[in-house]
Amino acid sequence: MSARIGTNGRLLNRDRAVTFSFNGREMRGFEGDTLASALLANDQMLVGRSFKYHRPRGIVASGAEEPNGLVNMGEGNRFEPNQRVTTTELFDGLTARSQNHWPSLEFDVGAINTKLARFLPAGFYYKMFIHPRPLWKHVYEPFIRQSAGLGQAPKEADADTYEHFYAFCDVLVVGGGIAGLLAARAAAQSGAKVIVMEQTPHWGGRAPVDGGTVSGSPVDEFVEQIVSELDAMPNVTMRTRTMGAGVYDHGYVLGYEQLRDNAPEKPGPRHRLWRIRAAQIVTATGAIERPLSFAGNDIPGVMLASAVRDYLVNFGVSAGDRTVVVTNNDDAYLTAFALNHAGLQVSAILDARSIDSDSPAMQQARGLGIRVLTGHGISTVKGGKRVSAVEVCRQDGNGSVTEEIACDAVAMSGGWSPVVHLWSHCGGKLTWDSDQAMFRPDVDKAPTGATGAPFVKAAGSANGLMSLAETVSDADAAGKAAARAAGFTPKRTKAPVGESADEAPMQPVWLMPAQADYHHRAKAWLDYQNDVKVSDVQLAAQEGFESVEHTKRYTTLGMATDQGKLSNINGLATLAGALDADIPQVGTTTFRPPYTPISMASVAGEARGDVFQPIRRTPMHQWHEANGAHWEPVGQWRRPYAYLREGETVSAAVNREVLNTRRNLGLLDASTLGKIIVKGPDAAKFMDMMYTNMMSTLKPGKCRYGLMCSENGFLIDDGVVARIDEDTFLCHTTTGGADSIHQHMEEWLQTEWWDWNVWVANVTEQYGQVAVVGPNARKVLETLGGMDVSRDALGFMEWKDGQIGGFACRVYRISFSGELSYEIAVDAGQARAFWDALMTAGEAFGAMPYGTECLHVLRAEKGFIMIGDETDGTVIPQDLGLNWAISKKKEDFLGKRAQERSHMTDPKRWKLVGLETLSGGVLPDGAYATGEGVNANGQRNVIGRVTSTYYSATLERGIAMGLVLDGPDRMGEVIEFPGTQGATFKARIVGPVFYDKEGEKQNV
Amino acid sequence: MSEPITALGGAVSQNGIAKVAEAAREGMITLRGDVTSAAVKKALKSVTGAAMPGAGQMATSGSYTLCWMSPDEVLVLCPADTVGDTLTALQNAAGTAHVLVVNVTDARASFTVAGPLAREVMAKLCPVDLAPGAFEPGMFRRTRLAQVAAAVWMPEAERFRIVCFRSQARYVFDVLCVAAQEGSAVGAFN
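Just so you know, the protein sequences line up as chains A and B, in that order.
Quick note: the first sequence uses the numbering used here, first residue 1, plus one each step.
Quick note: the second sequence uses the numbering used here, first residue 1, plus one each step.
Please note that the accuracy of each hint is not assured.
To be verified - No farther apart than 20 Å at their CA atoms in a straight line, the calculated lysine to any residue pairs in the SDA-like style are these:
#1 A/LYS266 with B/GLY84
#2 A/LYS702 with A/ASP801
#3 A/LYS445 with A/HIS250
#4 B/LYS41 with A/ASN757
#5 A/LYS266 with B/GLN181
#6 A/LYS800 with B/ASN15
#7 A/LYS685 with B/ALA97
#8 A/LYS494 with A/SER467
To be verified - Derived CB-CB ranges, DEER-like:
#9 B/GLY187 with A/GLU75: 29 to 37 Å
#10 A/ALA626 with B/SER70: 20 to 28 Å
#11 A/GLY452 with B/ALA185: 35 to 43 Å
#12 B/THR96 with A/SER696: 20 to 28 Å
#13 B/GLY187 with A/HIS341: 36 to 44 Å
Worth flagging that the hints you see were computed from the coordinates, not collected in a lab.
Ideal placement from N, C-alpha and C gives every residue a C-beta, glycine not left out.
In isolation and in its complexed conformation, chain A is listed as follows (with noise of 0.2 Å):
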């Protein structure tokens, strides 16, 4: 059983105890232990049920590679799955739950599956549920989603809050172990500013456990003194609980600091993104202890040797009474020393070496009374829930039991594989190091920046380094360089001398016992976390698949959540074996941020409820909102589509909105149009290129409807252009249309015309403007007193600055509903008092606002069309008879030339016509015109579409536009448009304006 001793455990506080629960029974820790520790000391071995076969598993790492310890974490808005046990710190109310089992972690039905393990080989749901098809659907997935995932997704929104933060660095070291802080102190003696980030909550990393000496200091006493000397150095920021997630171009690094994962009580941000810049980076991550592939390694009790030591030195815990060490390394066993230190029983060490005389090591065990059998290895692994023995055998043979040792924890060390995934993430290349069986960064093929420099440097273990000498050296080695290349001169220091006990050479395992039959290797994990086994890789081997790459996706090697940090190297190595090939040659797959993975929330940052958007507001936004505004999104801003009353439907407000502007008064918020100024000696040169019609005979004082096309001669927006004066012109865009036409403008001008004087400057919030519609417009301009609003002082499509009601205005007299109608732009800051100005003196006509919906319904009774309704990006002004608006006398204009090519003076281009149902209902929107015959598909042909329709409250019918095959040489026509749910709906083919033809009305 795994229990607390009562030594060790330097990183507890056992004076501080901590209450958690798991699966709802309540355990008891430390502060300082992690949920995994505190799991062990509370003989919690069995932690999950694995993906595929709902097998038993236990912890088997102490770190950020732990590939079974996943659990459910918290309640209700702070619940979160797939959190790791190994890397969450213990805090006093911790609640979790063990994932993927049914309906108990200690009975789950699923776990029937391993008894169908060999129904469920590799690819096994490309083979089996590719037929018959339908079943997919219906069967398969359902039930595979039943049995399959790991934890629940959260059923309520997220409680917490998050942030980025953006910092800058000459010198970024990641990692805060030995390697990293003898590189951040070399960095930072040279001036540099350097960041150096932890991932866990302390610094040092592996050394304090491994021990050895640093400049004749224990090494944590050595560590302890670089972290005070860094603290006091105002150049350097450090950052624990802060992983390094990934290393992008240009030098930038997402660090993934979590702020109060371990303190839920504290208040501000849960997790903080940091978005840095560095000149030069340092990856001093570290390296990760692999499994060795026996059979049974996956169950409860088998674990790392590192984990195995780190659980006791740092948090007092023993794996079990009786463990049995296997290894094909010298490393593995200071787990055997650290137990026997700590007075627990090592009942063997299994060595798969076989070499002529004992190393340091072995001698050392000996000599401590422990048994070593080198050229051996373990057959298979006894116990269902947790470890019972272990079968012993001769690693060179097939796995035939030469003894078997009783015991309930098994440390395995299958050598050591550095972390290069900060270093690969940016395209730094690997070799392969075949005395240390590793790939390790190829320095000569580091990532490149701008200048193709180098801007990523590995040290220590991370560089494949494993010795403390060779990583205190390189570390102090690799701070240098990258001040260096930052720009600095680092200082001419002596670099510390690091020891430790030599070691033998290691010998590549990548199967135990070599020989193993098929049985063994079928029960020989290499990727805990999606239920991979040996057989499964040489399996897809044999199918074919040669690619690391493809054989990832067959087997799903690597792809769970862990990325295959324990699993990818064993793996490859079996895919090289099965291949026949080395393994250089099969290479690795590849290494993509995040590191581990990290939250979601944490990308979004304050990203979330009020501010998840940037929502445009005009001057008068809080009037509408008190006023019943059911909004409408348009771009960024929101407007109001109508204003509902007490009681009222939103179709009833705008059959109401519609019928009062045509009768008494409506006003509107058009603030959100766009306004460009354009001015210069060539504005008016660039206006008739910028626009389809004639701007440039445009008189000073007066208006004109303008349209625009991009290059490929599609319209893309109109509004109405004013002169302001022989050089100023104002246009008004669209409201979506504003930024993108200023951008337009822009970009013609800057890379097109850049020899033409003219300057454009967006001043659309500059005002806000007032639509004053309605017969009775004129009289409430009257009443609020001022300038001469009369029809000959201010004709149809002229403008004029003054004042009204005291306000400095420009007054537009425009209409787009065919009303007559003013359109008055005060500045904003003045906005909100015109606009209640206008209400309280427009109470005797009638006035009432209206919103965008029947500004719509206005329009299209006469025939105007929409930017985004009539047109989709495909359309061009021809297509909706707006002829009348492209200049024939101009040489060129945006669109020109590409509206002359073959497709767009197609007679056959669908046109615009007005459509009239004959039973007086409205049309659906974007109904398709069926005609005779079915086309290349056998679909039926279409003949036309519907771009617009709207119940007409002032006809009191359905009207709607569309765009028909000869569509304006079939006037009076029916054609048919099938609707949903089997209807189909029937309408006559008219002219497109609907309501006042002559346009009397705009003209009083």
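On the provided structure of chain A, position chain B as indicated by the hints.
Frame of chain A; chain B shown alone:
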């Protein structure tokens, strides 16, 4: 004519790690023109008394401030009640030089973030090096603030001014308050 109002009527929040407040209305004029040309520089100097600042800088003289916006744009800050006169004076001083001078006072909203942690609040939202020494009073930066465009400068140590589009005033105020929330000190600039 009524008294002009700002977008948020002077909203203030001091619940967090820095004080966030809407600033008083200030006159703003955009001048587009070749700000490296002698004619434009002379016109600016004669009206405001300030010399045209270099890239990323601002220059103040009396109640006028010139802010470098781009090689062909300068933002002129002046008291709100002198905008009209300043606009006319700039136009006249430019003479025949090709410039566009336009009042943008009401097109903008303006905020201050103040306190010892003001730099940190801003560095949560703007991708700019705001460390002491890297950004100081006298510098002027057009940038992104969370999801919108903004210009920022420091009128004095421990105080930022932010200018954004008026329609986005509520968003900017709210997002500054989120960034300044209690318990969110970073400790990066200590």
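Hints and how they fare:
Our distance criterion of 20 Å between C-alpha atoms is broken by A/LYS266 and B/GLY84, whose separation comes to about 52 Å. The suggested pairing of A/LYS702 with A/ASP801 holds, with an alpha-carbon distance near 12 Å, which does not exceed 20 Å. Only pairs whose Cα atoms come within 20 Å are accepted, and A/LYS445 paired with A/HIS250 is accepted, the gap being roughly 16 Å. The straight-line distance between the Cα atoms of B/LYS41 and A/ASN757 is roughly 18 Å, inside the 20 Å bound, and the hint therefore holds.
Restraint check for A/LYS266 and B/GLN181: the C-alpha separation of about 12 Å stays at or below 20 Å, so the hint holds. Distance check on the hinted pair: A/LYS800 and B/ASN15 sit about 48 Å apart at the alpha-carbon level, beyond 20 Å; violated. A distance of roughly 19 Å separates the Cα atoms of A/LYS685 and B/ALA97; the hinted pair therefore holds under the 20 Å criterion. Annotation: proposed proximity of A/LYS494 to A/SER467 holds, straight-line Cα distance about 19 Å (limit 20 Å).
Taking 29 to 37 Å as the suggested C-beta distance range, the pair B/GLY187 and A/GLU75 conforms, at roughly 31 Å. For A/ALA626 paired with B/SER70, a C-beta distance near 40 Å fails the hint of 20 to 28 Å. Checking the proposed 35 to 43 Å range against A/GLY452 and B/ALA185 shows it holds: the Cβ atoms sit about 40 Å from each other. The hint said 20 to 28 Å for the Cβ distance between B/THR96 and A/SER696, and at roughly 21 Å that hint holds.
A hinted range of 36 to 44 Å for the beta carbons of B/GLY187 and A/HIS341 is consistent with their spacing of about 39 Å.
Violated hints, in rising order: 1, 6, 10; the structure is consistent with all others.
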